[in-house]
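Colleague: So you can see what is in the structure, the chains are spelled out below.
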Amino acid sequence: DGGITQSPKYLFRKEGQNVTLSCEQNLNHDAMYWYRQDPGQGLRLIYYSQIVNDFQKGDIAEGYSVSREKKESFPLTVTSAQKNPTAFYLCASKEDRGSHEQYFGPGTRLTVT
Amino acid sequence: EDKVVQSPLSLVVHEGDTVTLNCSYEVTNFRSLLWYKQEKKAPTFLFMLTSSGIEKKSGRLSSILDKKELFSILNITATQTGDSAIYLCAVEESNNNDMRFGAGTRLTVKP
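From first to last, the protein sequence lines are chains L and H. Just so you know, we're using our numbering here: the first sequence kicks off at 0 and counts up by one. Just so you know, we're using our numbering here: the second sequence kicks off at 5 and counts up by one.
Bear in mind the hints are in silico, worked out from the structure with no lab data behind them. Ideal placement from N, C-alpha and C gives every residue a C-beta, glycine not left out. Each hint should be verified, as a subset may be incorrect.
Not everything, but these chain L residues come out facing chain H in the computed CB check (under 7 Å) [unchecked claim]:
1. Val18
2. Gln40
3. Gly41
4. Pro74
5. Glu100
Straight line, CA to CA, 27 Å or less: simulated DSS-like cross-link-like pairs of lysine-lysine [unchecked claim]:
6. L:Lys56 x H:Lys41
7. L:Lys8 x L:Lys82
8. L:Lys69 x H:Lys114
9. H:Lys45 x L:Lys82
10. H:Lys45 x L:Lys8
Chain L with its partners taken away, still in its complex shape (with noise of 0.2 Å):
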């Protein structure tokens, strides 16, 4: 089955500590996205990666880290120098720059304490 995978579902941290959120697909999809979704509000764009060994920073960026070493792949790292980590990421995947439609993966819920 083609899709995008997330994990954990659920991951819990203590303030202080980095945390990585994996991402996968299979798609074979060129570009990959990174939102960050509070309550109240819409999707916000983190990061994105249009090719392998490529990434841009997006409207957030700040305390977050990415690496895409493989096209299948984009994990995202919340360090500790986000200020409020606590959220629900989603990732995101689209075929190449001619397509629109982005495919979305489960999601992660994120909470630092």
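Assemble chain H onto chain L, guided by the hints.
Modeller: Then chain H, alone, in the frame of chain L:
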């Protein structure tokens, strides 16, 4: 600053009612506007609009884009409780590969 604004933020209706959700946008290089439905977790795709005045329809849902006035509407007729969700509007820009989302409209359909 580019932005996407949805209204209302929240809406409560009864089954059978018709609703209209609004999305206005200001982006520098418009490419397309997309509507998504988000129930529990991941948003699911509803419509993509690129041309003004052409209605997209899927069952009880329809959507149209006005590129002159920079807005889109999503209509749902004969609403059902299963339509309860957050409806997200997103605008794609042509000069990069990112997408700007609105805050969403939370629709609640009561039996």
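Colleague: State for each hint whether it applies.
Modeller: Right, here's what the structure says about each hint:
1. Val18: violated (19 Å)
2. Gln40: Nearest chain H Cβ about 5 Å off; hint holds.
3. Gly41: holds (4 Å)
4. Pro74: violated (18 Å)
5. Glu100: At 5 Å from the nearest chain H Cβ, glutamate 100 (chain L) passes the 7 Å test, so the hint holds.
6. L:Lys56 x H:Lys41: holds (26 Å)
7. L:Lys8 x L:Lys82: With a Cα-Cα distance of about 22 Å, the restraint between lysine 8 (chain L) and lysine 82 (chain L) holds, given a limit of 27 Å.
8. L:Lys69 x H:Lys114: violated (46 Å)
9. H:Lys45 x L:Lys82: holds (24 Å)
10. H:Lys45 x L:Lys8: Answer holds: lysine 45 (chain H) to lysine 8 (chain L) is near 10 Å, not above 27 Å.
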